[in-house]
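Engineer: Letter by letter, the chains look like this.
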Amino acid sequence: NAGVMQNPRHLVRRRGQEARLRCSPMKGHSHVYWYRQLPEEGLKFMVYLQKENIIDESGMPKERFSAEFPKEGPSILRIQQVVRGDSAAYFCASSPLAGSYEQYFGPGTRLTVT
Amino acid sequence: KQEVTQIPAALSVPEGENLVLNCSFTDSAIYNLQWFRQDPGKGLTSLLLIQSSQREQTSGRLNASLDKSSGRSTLYIAASQPGDSATYLCAVPGPYGGSQGNLIFGKGTKLSVKP
Chain A
1 NAGVMQNPRH LVRRRGQEAR LRCSPMKGHS HVYWYRQLPE EGLKFMVYLQ
51 KENIIDESGM PKERFSAEFP KEGPSILRIQ QVVRGDSAAY FCASSPLAGS
101 YEQYFGPGTR LTVT
Chain B
1001 KQEVTQIPAA LSVPEGENLV LNCSFTDSAI YNLQWFRQDP GKGLTSLLLI
1051 QSSQREQTSG RLNASLDKSS GRSTLYIAAS QPGDSATYLC AVPGPYGGSQ
1101 GNLIFGKGTK LSVKP
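From first to last, the protein sequence lines are chains A and B. Under this note's numbering, the letters of the first sequence match residues 1 to 114, in that order. Under this note's numbering, the letters of the second sequence match residues 1001 to 1115, in that order.
Check the hints yourself; a few may be wrong.
[To be verified] Lysine-lysine pairs mimicking DSS-like chemistry, simulated, CA-CA at most 27 angstroms apart:
{"#": "1", "chain 1": "B", "residue 1": "Lys1042", "chain 2": "B", "residue 2": "Lys1068"}
{"#": "2", "chain 1": "A", "residue 1": "Lys44", "chain 2": "B", "residue 2": "Lys1107"}
{"#": "3", "chain 1": "B", "residue 1": "Lys1001", "chain 2": "A", "residue 2": "Lys62"}
[What the hints assert, rightly or not] Covered stretches of chain A, going by a simulated chain B footprint (3 or more residues, C-beta under 8 angstroms):
{"#": "4", "segment": "20-28"}
{"#": "5", "segment": "63-74"}
Simulated from the structure, these hints should not be mistaken for lab results. Built from N, CA and C at the ideal position, the CB exists for glycine as well.
Just chain A, with the same shape it has in the complex (with noise of 0.2 angstroms):
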């Protein structure tokens, strides 16, 4: 059982691109969870999904921002017109149910803006 795989792992963008990180989840898993890490600071939660459904938003920047998860195919985090803030290593975790259940995280994607 393969486990959460996040692409790629390493992205350089410029000011004013767009970003798209992917998330599959482990197997049978069906809730996906978006973090992002700044440099020297905790991991701080962004989204989380179902299978065609945003459940949580929460902790999404207003702008620029979007996730989504499809019925066929991995989890999607899309970052429009980046700015050199948006650095970060982007993390996904997935679970087989919410709530009580065990997270657990792909290796991230470090995203660069330059």
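Position chain B relative to chain A; hints supplied.
Structural biologist: Chain B only, in chain A's frame:
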């Protein structure tokens, strides 16, 4: 608002020592607490998950305890090894923890074990 604090922020010990990492949280109404390990430039590895009904969990040289009433958890590492060097994070479910499950993390304790 739930806040998670980890003390110390960094710790350096000689190989072989037993050590304790601390985690505190402000809202004791949690469903569980999870300890993670993060290596530089890498993702998170789950070490131990303690349900709210449990007092402790053990895995190998690791032992995690949970005291909900005082809002504290400790991670005990026995006979530390250089390979234990990493940042250790604790996390609890955020608001609506039973149905939402997003985690709130502490900033971590950076552990260095010297050979």
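Engineer: May I ask which of the numbered hints given earlier this structure violates, with the numbers listed in increasing order?
Structural biologist: 1, 4 and 5
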